[in-house]
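If you're matching them up, the sequences are chains A and B in order. Read in my numbering, the first sequence has 23 at position 23, and its numbers run on one by one without any break. Count along the second sequence from 1, add 1000, and you get the number used in my numbering.
It should be emphasised that the hints constitute simulated quantities derived from the structure, not laboratory data. One should not assume that every hint holds.
[Unchecked claim] Cβ-Cβ distance ranges computed for the label pairs, FRET-style:
#	chain 1	residue 1	chain 2	residue 2	range
1	A	Pro4	B	Phe1020	33 to 41 angstroms
2	B	Leu1215	A	Lys104	47 to 55 angstroms
3	A	Arg92	B	Ala1012	49 to 57 angstroms
4	B	Val1011	A	Ala125	32 to 40 angstroms
5	A	Lys51	B	Asn1125	55 to 63 angstroms
6	A	Ala125	B	Glu1168	47 to 55 angstroms
7	A	Glu78	B	Val1011	39 to 47 angstroms
8	A	Ala108	B	Ser1293	39 to 47 angstroms
9	A	Asp84	B	Thr1134	52 to 60 angstroms
10	B	Pro1267	A	Asp84	40 to 48 angstroms
[Stated by the list, open to error] Computed footprint of chain B on chain A; a stretch qualifies when at least three of its residues, placed anywhere within it, have a C-beta under 8 angstroms from a C-beta of chain B:
#	region
11	26-40
12	54-62
[Claimed, not checked] Chain B is nowhere near these chain A residues, computed Cβ spacing over 10 angstroms in every case:
#	residue
13	Asp21
14	Val76
15	Ala88
16	Gly116
Quick reminder that beta carbons are idealized off the backbone N, C-alpha and C, glycines included.
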Amino acid sequence: MTQPDGLLYSKEHEWLKIEGDVGVVGITDYAQDSLGDIVYVELPRVGAQLKQSASVGVIESVKAVSDLFTPVGGEVVEVNTALDADPALVNREPFGGGWLFKLKLADAAERSSLLGPSDYGALVAAEH
Amino acid sequence: MRRTALYDEHVALGGRMVPFAGFEMPVQYAGILREHDAVRKRAGLFDLSHMAQFELRGPGVAAWADALTINHVATMKLGQARYNIFTNEGGGAHDDVLFYRLEAERWLLVVNAGNAQKMWEYLRNRPAPGVTLTNHHGEAALIAVQGPHACAIVSSLLASAAERSSLEAMKYYTCAPGEIGGVPLLFGRTGYTGEDGFELFLPGEEAPAVWRRILAAGAEHGLEPAGLGARDMLRLEAGMPLYGFELAEDLSPLAGGQRWAVKFEKPDFTGKAALVAQAAEDDYDRIVALSLSGRVPARSGYRVFRAGEAVGEVRSASLGPSVGAYIATALVRKSASALGTALQIEVRGALHDASVVALPFYRRS
């Protein structure tokens, strides 16, 4: 399982990449592996106002439906429409092409509750 | 939590182990979709040793079993396998099973893992003259090879041309003794995937070596180990019931879609009167097959509507890769059950279209 540098991580196994005042959100390699083959992703609507840690959508794998949480709050500015036709992209490229949504960050201070790569790595190792 | 004789093999193959019916079983190895694809196109290898195997011996078995089940037992020929259901007095199902007639007075009865204890207690509490029961649950192993290449793979493990052609000539739903590498076993040309294939019954201590032989022989055919996740997807596409979903203590074979197996001409059997009455009244909720129109998956327990009225609930549901759609079974009232009926499934508060279709969803070519 990898957790690239340059990203922040949540205990719910999402990652956050900061690009100026926009954050890109996805799920980690550990999360996609745990879920198994992903068959459907329900994303928040563009324009939706999300609160940190809220359940904002759903990721369905063959086995189960899982809530999708947001690691930080803000307004959704873009969602990954490629996942409509190819939800398995999340399995194949969890940190790349399988990103889920982008939001305009509401509060920079929220990031302090997220984990860095090595702390997230430790969390994953402990969950095994 | 118990383990089958093949536990170490699963772990070595990267199997993701989960608790199932009191056993640690592999839900997947490389991935459910990939394993499903392997079975449909090449072959998959399954450990089903968590299922219970009972041996039934004696001159009294046929009549005794006929009195407890819906389908004919006494008329089974030597080397025949037959699907059957043990019913309760209300016509509901205790379990759905396979009988294999090995000798005139010797049967193998394969029972669902989740019902192993219930069924053993049930049968043991009904002693009859000329009936001896032995419980091999946990000691006997069951390995299934399923898929278009299954026959070639299993055949390649047999020692002589005569054995190979006998195996290849076996008809569907027959069984015969044989051996692999000197290990005596029973072959059944049966399965739970809708593909051709074999189920191998053998002593647990011989299972690891035979499993590995099959994997080795299957490598050039693209055989892959397949877990319970793929198994469920395959059986649903093939229109096969799963106890607890399409059959239950309160869900009879009539309601569950297994009317074909109810032999009303049998003089009597447990639950016959209730089934006769149910058939005559014909007002019961029943299992239908649904094909979903969109991309949103249904899940067990989701409510089913027709023109705004709640008519039932989803039982089994899965992606059907061989069907190109999400598929499900649902228990709905009779008025919502005709082929072609347009229904809606409630998913997280929104309604999604589905229609009643005929089973099976998938048939092998």
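Item to complete: Please test the hint of 52 to 60 angstroms on the beta carbon pair from Asp84 of chain A and Thr1134 of chain B.
Response: Between Asp84 of chain A and Thr1134 of chain B, where Cβ atoms are some 55 angstroms apart, the hint holds.
message = Does Gly116 of chain A clear chain B by more than 10 angstroms, comparing its Cβ with all Cβ atoms of that chain?
response = Check passes; 28 angstroms lies beyond 10 angstroms.
Could you say whether the range 47 to 55 angstroms given as a hint is met by the Cβ separation of Ala125 of chain A and Glu1168 of chain B? Because 50 angstroms falls inside the window, the suggested range holds.
Kindly confirm whether 39 to 47 angstroms is satisfied by the beta carbon distance between Glu78 of chain A and Val1011 of chain B.
holds (42 angstroms)
Taking the Cβ atom of Pro1267 of chain B and the Cβ atom of Asp84 of chain A, is their distance within the range 40 to 48 angstroms? Taking Cβ atoms as reference, Pro1267 of chain B and Asp84 of chain A lie about 59 angstroms apart, which means the hint is violated.
So the hint says 47 to 55 angstroms: do the beta-carbon atoms of Leu1215 of chain B and Lys104 of chain A match that? holds (53 angstroms)
Just tell me: holds or violated, for the beta carbon distance of Ala108 of chain A and Ser1293 of chain B against 39 to 47 angstroms? Because 44 angstroms falls inside the window, the suggested range holds.
Discussion item. Looking only at beta-carbon atoms, does the pair Lys51 of chain A, Asn1125 of chain B fall within the given range of 55 to 63 angstroms?
Written reply: Once the Cβ atoms are compared, 58 angstroms apart, the range 55 to 63 angstroms for Asn1125 of chain B and Lys51 of chain A holds.
Notebook entry, point to check: Should the hint that Pro4 of chain A and Phe1020 of chain B are 33 to 41 angstroms apart at their CB atoms be regarded as holding?
Noted result: holds (35 angstroms)
Consistency of beta-carbon spacing, Ala1012 of chain B to Arg92 of chain A, with hint 49 to 57 angstroms
violated (25 angstroms)
task = Could you check that no beta carbon of chain B comes within 10 angstroms of the beta carbon of Ala88 of chain A?
result = violated (8 angstroms)
**Report entry** Hint check for Ala125 of chain A and Val1011 of chain B - Cβ pair distance inside 32 to 40 angstroms
**Finding:** 19 angstroms Cβ-Cβ, so the 32 to 40 angstroms window is violated.
In the structure shown, a violation is registered for the earlier hints numbered 3, 4, 10, 15, in ascending order.
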